[in-house]
Structure formats: C-alpha cells, structure tokens
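2 protein chains.
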Amino acid sequence: MRKNFGAKALLFPMPVLIIGTYDKDGNPDAMNAAWGGISDDTQISICLSPTHKTVDNLKLKGAFTVSVGDAKHVTECDYVGIVSGHKDADKFSKAGFHATKSPNVDAPLIDELPFALECKVISYDDKTCRLVGEIVNVTADESVLTDGKIDITKLCPIIYNPSEHTYHSIGGKVGNAFSDGKKIS
Amino acid sequence: MRKNFGAKALLFPMPVLIIGTYDKDGNPDAMNAAWGGISDDTQISICLSPTHKTVDNLKLKGAFTVSVGDAKHVTECDYVGIVSGHKDADKFSKAGFHATKSPNVDAPLIDELPFALECKVISYDDKTCRLVGEIVNVTADESVLTDGKIDITKLCPIIYNPSEHTYHSIGGKVGNAFSDGKKIS
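Chains as they are written, first to last, in the numbering used here: chain R, 8 to 192; chain W, 8 to 192.
So here's chain R without its partners, still in its complex pose:
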C-alpha cells in the first residue's frame, strides 16, 4: 500500500553541494545547497534564492566552484549551510576552510574538500532562482584518486536525506552501470 506525502521536494539521493565564491572585496564565501545536479554534459544547475550572498558574488564575478561535501567535513559543510554570508562575512574561515583561487575561474577552491567543479555563470534568474553554470574544469586531489580516476570510496561524498534531515555516507558497490542490465535479454 502506498502512502501520499503531497507536493514536496523529496528525492534520494540528494547531493551536498558546497558553493564557493569571492565577494566584492575578494573574501571567499561558501554555502551548502541540495537542490541541484548535472543538467548537461558540461553544465550544472542549482536552485539558489537571490537572498544569498553567494548570488550577489556569482553575479559580480561570473564564476563559482562546487565542491562536494565529504564525510570528513560534515560539521563544516553543515555550518556553511546554517550561517548566512550576509550576517557573517567571516564564515568561510570560521568553518576552518582555506581558499586557493581556481586557476580557471574567478572563484575559490576549498583546500579541505578534495573534489570540485570550476564553473562560469551561464545564467541566473532571480524569479526562478535557477543558476546555470558551465563546468570548465573538474579538479580532484590526488588523495582521492586510484589509478588516475576519482575513487568514490576515497572521496567519501556525503548524501543529504531530505526525509529526516540527516547526512549519510556512501555504501558499497552494488552493481555496474551499462552492464548489469544485459543479464535481462
């Protein structure tokens, strides 16, 4: 028997996207967003209310980074989602994050988070709150690579569970994509 929950933003899994930007004074900022995902082969789309300082920043600089929250930094990633950049301009450093300017876009990479997308702003719409970014480069620290590939078991990305407002780790491998389905003829 199915139960109805009405019109809600529930999906499993949801990502923990840590968006990095520079403000007008060159100070790095970071925020946490779950409403987004890949929207084309070199594009990411994220729903961001125009009230966020991040939105002011990415309009100004035309760029942002998207780091993936990981199991080592649950507290830090949650913190930048709780505190407003408008209210605390120092939240980035209070989180314990350190910034290195992306070599490809005018936005900060977060030294503590090993995986990130470097993005240029394609568009931002105040009415729909939709940010579309062109992924100009994917960057990952050597510590999360195996044989030159990003190793999800080293990266340990976290998952947002919107039903219970919790974060989860990644579990074990359960199958091979574009492969397991071939068992069905």
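Where hints are given, some of them may not hold.
Given that identical chains are not distinguished, each listed pair holds provided it fits within a single copy or across any two copies.
Claimed, not checked - Straight-line distance between alpha carbons at most 20 Å, and here's what the computed SDA-like set of lysine to any residue pairs gives:
#1 Lys79 <-> Ser100
#2 Lys15 <-> Thr153
#3 Lys101 <-> Lys134
#4 Lys189 <-> Ser130
#5 Lys156 <-> Lys180
Hints are computed from structural coordinates only; laboratory data are not their basis.
Position chain W relative to chain R; hints supplied.
This is chain W only, laid out in the frame that chain R set:
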C-alpha cells in the same frame, strides 16, 4: 596536489532516476536518467535527449513519474537504461516491472519501486533537453516507512558513480543537517 579532469559531467552523488511514462497506446515505458535533481520546492528538472521515447510520451501525456532506483532492483534499473523504448516497446515488462496508473497524473507508477514522484510536465525544451516537472505528489510504499516517514535505510536508494560507472548503496548516518554545524560558533 590537485589533478585536472577537464570539462566533464562528474558529480557525487548522482541519482538513479527511473522515469515512467505511457505511450500513445497506453503501454508503460521506463528509462534511467542520472542528470537531474530537485530544482524548486515542488519541481524536478532532468536533462533528457529528445531521441528518447520517454520524451515523445511525456509530450503526449503531459505527465511522468520519477521512481528512485533501489538496491533490490539494480539489474532492472540498469536494463531500462540500456535498452531503447523505440527499439523494444516491451522493455517495461521485460524488466519485470508492473505498472499501476498514478491516481494524480497520466503516467505509470512502478509497483516494484517503492518511492516515486508524480509529475506534470511544466516544460520540455528540445534544444536544451531540459524537462521541468511539477511534483504534484510524492508516494512511498508502507514497506519503506518508519513512524510514517520515509526511512532511507529501508528504501535503500542507489547512487550512480559517474567516475567508474558503478552503482553504490547508501551508507550509514554520519550527521544531522541544520544541526551539526551549530558546534562551530
């Protein structure tokens, strides 16, 4: 030291979205998509090439469902991502899926997958491949509920790993959202 991977569609986690539609003859179809996510408080956006039968169907019916791939049905979910609905009109039943018409939209729910969004088409753009859907209802089988809430550990949603083309399960809880960050003052 960071390594560059260029402009690629890599993100962690990615969802396994199983999109259900009816064709012009009322036959259920399903496909697997990873490029999408929540895009507003009652909205989901998914990137779908216009070559998919699913796109023909959702244009015709103005509706679709999005079930979440789960650990019990890895093979079935992968199968509907490998086989084209244009080439095999019977792929839904070959996958072992059974359809029940959604009470809210003109699209099939998949009996075997316990969690789904019932969606009306807001827009589909052939050029950008962007499907935007209004989530009119969230439905979940009682078997994945605990105290009336969706229990992610019962649902066992799977995660697509775009780096190695594998599926992973959900791991254990590692934190509380909107809460853990309060430890940082």
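Homo-oligomer pair classification [Thr153, Lys15; C-alpha up to 20 Å]: Close across copies (18 Å), not inside one copy (39 Å); limit 20 Å.
Intra- versus inter-subunit Cα pairing at 20 Å for Lys101 with Lys134: Close neither inside one copy (32 Å) nor across copies (43 Å); limit 20 Å.
Within, between, both or neither: Lys189, Ser130 at alpha-carbon 20 Å: Result: close neither inside a copy nor across copies, 40 Å intra and 33 Å inter.
Intra- versus inter-copy proximity for Ser100 and Lys79 (alpha-carbon distance at most 20 Å): Within one copy only: 17 Å inside a chain, 43 Å across chains, cut-off 20 Å.
20 Å Cα threshold - placement of Lys180 relative to Lys156: Result: close within a single copy only, 16 Å intra versus 26 Å inter.
This entry does not satisfy hints 3 and 4, going by the numbered hints stated previously.
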